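Peer 1: Work out the full structure: start from the sequences and follow the hints.
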Amino acid sequence: RQAVQGRAPGSTGSVPCRQAFAIQWSPVADLRYSVAVVGGGPSGLMAAIAATRAGASVCLLERQDRVGRKLLATGNGRCNLRHANVAETNYHGRNPGFVSAALRQFGVADTLAFFDSLGVLTTIEDDGEIYPLCGQASAVLDVLRLEAQRLGVHTVVGADVSRLLAGARSFTVFHAGGRTEAAVVVLAAGGKAMPQLGGGESGIRLATSLGHRLVPTYAGLVPLKTDCPYNRQLKGTKVDATVTLDIAGGS
1 RQAVQGRAPG STGSVPCRQA FAIQWSPVAD LRYSVAVVGG GPSGLMAAIA
51 ATRAGASVCL LERQDRVGRK LLATGNGRCN LRHANVAETN YHGRNPGFVS
101 AALRQFGVAD TLAFFDSLGV LTTIEDDGEI YPLCGQASAV LDVLRLEAQR
151 LGVHTVVGAD VSRLLAGARS FTVFHAGGRT EAAVVVLAAG GKAMPQLGGG
201 ESGIRLATSL GHRLVPTYAG LVPLKTDCPY NRQLKGTKVD ATVTLDIAGG
251 S
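Under our numbering, the first residue of the sequence shown carries the number 1, and numbering increases by one thereafter.
Hint data in this document are derived by calculation from the structure and do not stem from the laboratory.
Note that the structure is predicted; figures quoted are calculated from it, not measured.
Do not take every clue at face value.
Cut-off 27 Å, straight-line C-alpha distance, at most; resulting in silico cross-link-like pairs (DSSO-like, lysine-lysine) [unchecked claim]:
#1 Lys238 with Lys192
#2 Lys192 with Lys235
#3 Lys225 with Lys238
#4 Lys235 with Lys225
#5 Lys192 with Lys225
Peer 2: Spelled out as structure tokens, the structure:
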């Protein structure tokens with residue numbers, strides 16, 4: 001969801017994400033990898049699989065001791081793959097239309113076909129949310145991990161990336177395990193949410209080090225603390241409801 005593609009100076013210009021790995025490669029002869037993916041979450045795994053399927057040699061760098069830990073927590077452990085009725089109108093901010101290219105290039109049918117190709121049967125619930133039929137996020141992580149392995153993606157865990165250096169012919173990625181050179185870097189390090197599962201600011205720091213400008217970030221989902229003693233028993237429960245918040249006598 002937060003993948004950012006970089007391209008070394010002197011190479012061809014930026015192209016849409018889905019087309020990025022369909023171009024004619026001009027690989028540097030002494031480079032082992034065409035693509036280095038920073039971050040082994042759902043976004044990084046998808047990027048690594050897509051690039052390898054298109055013929056690129058890929059190195060996937062994850063700073064945790066295993067890939068995909070955040071994915072296991074999605075959908076209360078069920079892994080909501082996407083929404084059947086997602087549209088630009090569901091997004092907010094200064095420029096909500098920024099998602100239009102992604103939605104066009106990898107729509108609902110593409111998502112269902114992708115997971116079907118990996119053997120994941122899906123179900124669309126009444127509210128439009130799409131889940132794996134088995135109801136287990138671990139099954140989704142397993143098929144993504146195994147597909148990357150089958151394709152030959154070189155996965156390195158414990159590789160906390162500290163620096164990205166853009167050279168004349170390639171990028172150099174410095175990490176705890178040493179350094180990796182690649183013609184293209186996909187930055188999919190995620191955001192600050194759920195630090196206990198690996199969330200942090202490293203992706204923001206790496207992006208700004210390459211000259212990207214970022215707007216201030218804010219938490220999108222936060223808890224509401226009350227003095228009700230029964231809230232803990234409601235953890236994980238989802239209901240359709242209308243909530244009224246009273247503040248200093250007003251609503």
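Peer 1: Quick check: which numbered hints come out false for this structure?
Peer 2: none
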